[in-house]
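Participant: Here are the chains, one letter per residue:
There are 2 protein chains.
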Amino acid sequence: MEFLYKNSALVAQERISMSAELLKQVIGNLRQATFAKDYSNPESFINLPQDENILKSITAIKEKKNKPNLKYIFVAGIGGANLGAKAVYDALFGYFDNFYPQRLPKMIFLDTINPKVSASMSGFIEQNISSADEILVCIVSKSGETIETIANLQEVSQILEKKFGDIKERVIVVTKEGTRLWQISKEKGIDTLTLPETVVDRYSVFSAVGLTPLSFLPFDTGQFLDGAKGVVDSCLSDNPEQNPAMLSAIIISEHYKTGKSINDNFFFHPELESLGKWYRQLMAESLGEEKRIEGRLEKVGITPTVSIGSMDLHSMAQLYLAGPQNQITTFVYAKDTGVSPQISNSALFANLSPDVSGETPEHIVSAMYRSIKTSYIERGIPFMEVVLPDLSAHSLGSFMQFKMIEMIYLGALLGVYVFDQPNVEEYKQKAKEMLAKK
Amino acid sequence: MEFLYKNSALVAQERISMSAELLKQVIGNLRQATFAKDYSNPESFINLPQDENILKSITAIKEKKNKPNLKYIFVAGIGGANLGAKAVYDALFGYFDNFYPQRLPKMIFLDTINPKVSASMSGFIEQNISSADEILVCIVSKSGETIETIANLQEVSQILEKKFGDIKERVIVVTKEGTRLWQISKEKGIDTLTLPETVVDRYSVFSAVGLTPLSFLPFDTGQFLDGAKGVVDSCLSDNPEQNPAMLSAIIISEHYKTGKSINDNFFFHPELESLGKWYRQLMAESLGEEKRIEGRLEKVGITPTVSIGSMDLHSMAQLYLAGPQNQITTFVYAKDTGVSPQISNSALFANLSPDVSGETPEHIVSAMYRSIKTSYIERGIPFMEVVLPDLSAHSLGSFMQFKMIEMIYLGALLGVYVFDQPNVEEYKQKAKEMLAKK
Chain U
1 MEFLYKNSAL VAQERISMSA ELLKQVIGNL RQATFAKDYS NPESFINLPQ DENILKSITA
61 IKEKKNKPNL KYIFVAGIGG ANLGAKAVYD ALFGYFDNFY PQRLPKMIFL DTINPKVSAS
121 MSGFIEQNIS SADEILVCIV SKSGETIETI ANLQEVSQIL EKKFGDIKER VIVVTKEGTR
181 LWQISKEKGI DTLTLPETVV DRYSVFSAVG LTPLSFLPFD TGQFLDGAKG VVDSCLSDNP
241 EQNPAMLSAI IISEHYKTGK SINDNFFFHP ELESLGKWYR QLMAESLGEE KRIEGRLEKV
301 GITPTVSIGS MDLHSMAQLY LAGPQNQITT FVYAKDTGVS PQISNSALFA NLSPDVSGET
361 PEHIVSAMYR SIKTSYIERG IPFMEVVLPD LSAHSLGSFM QFKMIEMIYL GALLGVYVFD
421 QPNVEEYKQK AKEMLAKK
Chain Z
1 MEFLYKNSAL VAQERISMSA ELLKQVIGNL RQATFAKDYS NPESFINLPQ DENILKSITA
61 IKEKKNKPNL KYIFVAGIGG ANLGAKAVYD ALFGYFDNFY PQRLPKMIFL DTINPKVSAS
121 MSGFIEQNIS SADEILVCIV SKSGETIETI ANLQEVSQIL EKKFGDIKER VIVVTKEGTR
181 LWQISKEKGI DTLTLPETVV DRYSVFSAVG LTPLSFLPFD TGQFLDGAKG VVDSCLSDNP
241 EQNPAMLSAI IISEHYKTGK SINDNFFFHP ELESLGKWYR QLMAESLGEE KRIEGRLEKV
301 GITPTVSIGS MDLHSMAQLY LAGPQNQITT FVYAKDTGVS PQISNSALFA NLSPDVSGET
361 PEHIVSAMYR SIKTSYIERG IPFMEVVLPD LSAHSLGSFM QFKMIEMIYL GALLGVYVFD
421 QPNVEEYKQK AKEMLAKK
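Line order of the protein sequences matches chains U and Z.
Going by UniProt numbering, the first residue of the first sequence is number 1, and it counts up by one from there.
Going by UniProt numbering, the first residue of the second sequence is number 1, and it counts up by one from there.
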């Protein structure tokens, strides 16, 4: 993973050095907090990829549950409980599922509650699943009390029970120890994995939360974790030139201070859109905060947006180029997609222009990418670049760990505690009360 | 369609009246511009739903091309050329495709160029398509020169030709008269539909651009157009209380003037996410503009964002509730989803809490929707509501026409010409040159 910003991020080198000085203490604390490897604080999420116990328990469950005829993995979870797994699934498989209708298993994410999905579930199972071995239901909820997740879980389980009787063997629960969901799972003998109490769910992709559903795919979990491990040293370096997480945080925060309140994450690979949505939650929920400073209420937060190349060149580019430029952009681009088909002209449209015959899709995308960067530079619109070597599990692991560590620095620079979300908890309570009243 | 804003939009009634006064002239011009029904100006898109010639030519093409064994409709188009059709497809079919693997035909959108999609195309066609009647290729490009669209078109056509020989009968071209694409199509005898020269593609969903691919689905084109026709009178009224398009534009522009530079479109139905992306292009490309006022360069534009309930309550809500509140929100909610399954507890998780047994998904979603609105009101976060009666083709038609007319008023209030996109054209030129150089 390369992080490029010189001549494009438009932050003075001395501002970077000053902020890096300020962050030295944070880095010191972070090193200490992660050194113990005991999950005694929320920063310990950094240690998850090294934790061999997690991988062992997931491998054991996979060996027990995997079946050669597994067709569908239902993942019931919402927000931090599913966005990490969905980011990886969509990048490697989901975006291409249309083109591989026969490729199995497929993952189906049950996140929100949708009346039409509920209404179709029973017919879907009736027509497409002929043995319990063909499905796996993975419930992910740290609190064990998420309304949508429980509703989806009850619906799917109840339909499956009607058809197959006891489906206990086809269910996996991921929750923290001691929840009501955990207790019931233990009582009923359902396979249950936990995540550490301190790990906040939007930082949990390298725990059982992300790894459990992914492990049932032709997915190299080891490579994913290696990718994450591989960036930790640099992301904990106190030399900003060697620390992409710190650099990115400093650049975003410097622009935020001068009024750029949007961080646009512009992915040049549409299969990374869900990765963008994972980061969107990470940033929005970590940094959105109101606090009282000397009696005055201050409201902090950066709005993360996700743009996708090349589609959004035909949608958002006019605004980005000519509009108020209240965004700091992070371009994400993979050098090598691993395939290089060549375009040939069809007989029917042989003489159409522009002539793309002989081009590779990769070369066209790269030309567009270089063009938009040139436009940004010419107009003085600031950006950074994250260049991934490829779109592998390893690269995804690096990117996600890098971004989670970046968020700690961003929190420090903005004076925000990144591991809580008090106002959304307040809202959730309200929703539960409204539902209880009927 | 109901438009609600009182007590929540937080714009003084006198500000609304003042802006409505300013817009009287615009409305007058608009009525005149659309009265002629001759497509002599870009505002004439408002007449598209009434144009019986469009429907006739689409019905004729459908009768000629539709086959009982049609399985896949490839739509090659990007930006305004495909976002409208995709919004409708995803709302009615696409979002649920996972649950109906056997339901055909399915639509496959070839928008950007993706190396992995290119690499998989040939295998996909080999394995899934056994006769040319099973596919339809619909190319949509107003200019006829969009790089991505041409690349995708050449790729798909060439693979199909290898397998089936001449595929002319299975291709439909939508472009404006006189383009190179149009000429070749005429020469080769390919069925070709045009859109009026003056209609800008992001305003073209009710022309052949949107209707052609959609007409091959079990989709009520007449109802879609009726929905659009049904809102025109009110959206051209000079009484703001009767004109949701004007009200919405005034509210967005009033908040923009006080620093709320984001318009968050918060859909409480995930199947409407693509509708959000359609609106995102409409707003970004119409309003993003730099202009010289008394020698000073002014940069105008509102950043449209798309949020989805209930997922984004677990992702963005913390930011929206506690953050800098630089957004004006438009909630979009459909009263009746047309289905009302009831949730039953499974045997396995019978005693889990919260207990959702006996609830309908619709009731849970509605409780969440009411809760988040209450939180916004309590915190003084401004919003409007668009309440659709249902999620039908009729409702989608109403919403899209309403939003396109809203954009004309927004342009007038912000002093922006909404029918061009000069800077994105500049970028496109750059990309073509870069590609030509190799």
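Source of the hints: derived by calculation from the structure; they are not laboratory data.
A few of these clues could be false.
Remember, identical chains collapse to one label, so a pair may be satisfied in a single copy or spanning two.
Derived PhoX-like pairs: lysine-lysine, alpha-carbon spacing no greater than 25 Å straight-line [said to hold, decoys possible]:
| id | residue 1 | residue 2 |
| --- | --- | --- |
| 1 | K291 | K260 |
| 2 | K168 | K229 |
| 3 | K106 | K37 |
| 4 | K335 | K37 |
| 5 | K260 | K299 |
| 6 | K299 | K257 |
| 7 | K432 | K335 |
| 8 | K106 | K335 |
| 9 | K71 | K106 |
| 10 | K71 | K299 |
| 11 | K299 | K106 |
| 12 | K188 | K430 |
| 13 | K335 | K428 |
| 14 | K430 | K6 |
| 15 | K163 | K260 |
| 16 | K299 | K373 |
| 17 | K432 | K373 |
| 18 | K229 | K64 |
Participant: A separate judgement is required for each hint: does it hold in the structure or not?
Facilitator: To see whether the hints hold, each was checked on the structure:
no. : hint           : verdict
1   : K291 with K260 : both (20 Å within a copy, 20 Å between copies)
2   : K168 with K229 : neither (35 Å within a copy, 53 Å between copies)
3   : K106 with K37  : neither (35 Å within a copy, 50 Å between copies)
4   : K335 with K37  : neither (34 Å within a copy, 50 Å between copies)
5   : K260 with K299 : both (15 Å within a copy, 14 Å between copies)
6   : K299 with K257 : both (13 Å within a copy, 19 Å between copies)
7   : K432 with K335 : between (47 Å within a copy, 21 Å between copies)
8   : K106 with K335 : neither (27 Å within a copy, 32 Å between copies)
9   : K71 with K106  : both (6 Å within a copy, 21 Å between copies)
10  : K71 with K299  : neither (47 Å within a copy, 52 Å between copies)
11  : K299 with K106 : neither (42 Å within a copy, 46 Å between copies)
12  : K188 with K430 : neither (31 Å within a copy, 63 Å between copies)
13  : K335 with K428 : between (42 Å within a copy, 22 Å between copies)
14  : K430 with K6   : between (47 Å within a copy, 23 Å between copies)
15  : K163 with K260 : neither (55 Å within a copy, 53 Å between copies)
16  : K299 with K373 : between (32 Å within a copy, 20 Å between copies)
17  : K432 with K373 : between (47 Å within a copy, 14 Å between copies)
18  : K229 with K64  : neither (27 Å within a copy, 59 Å between copies)
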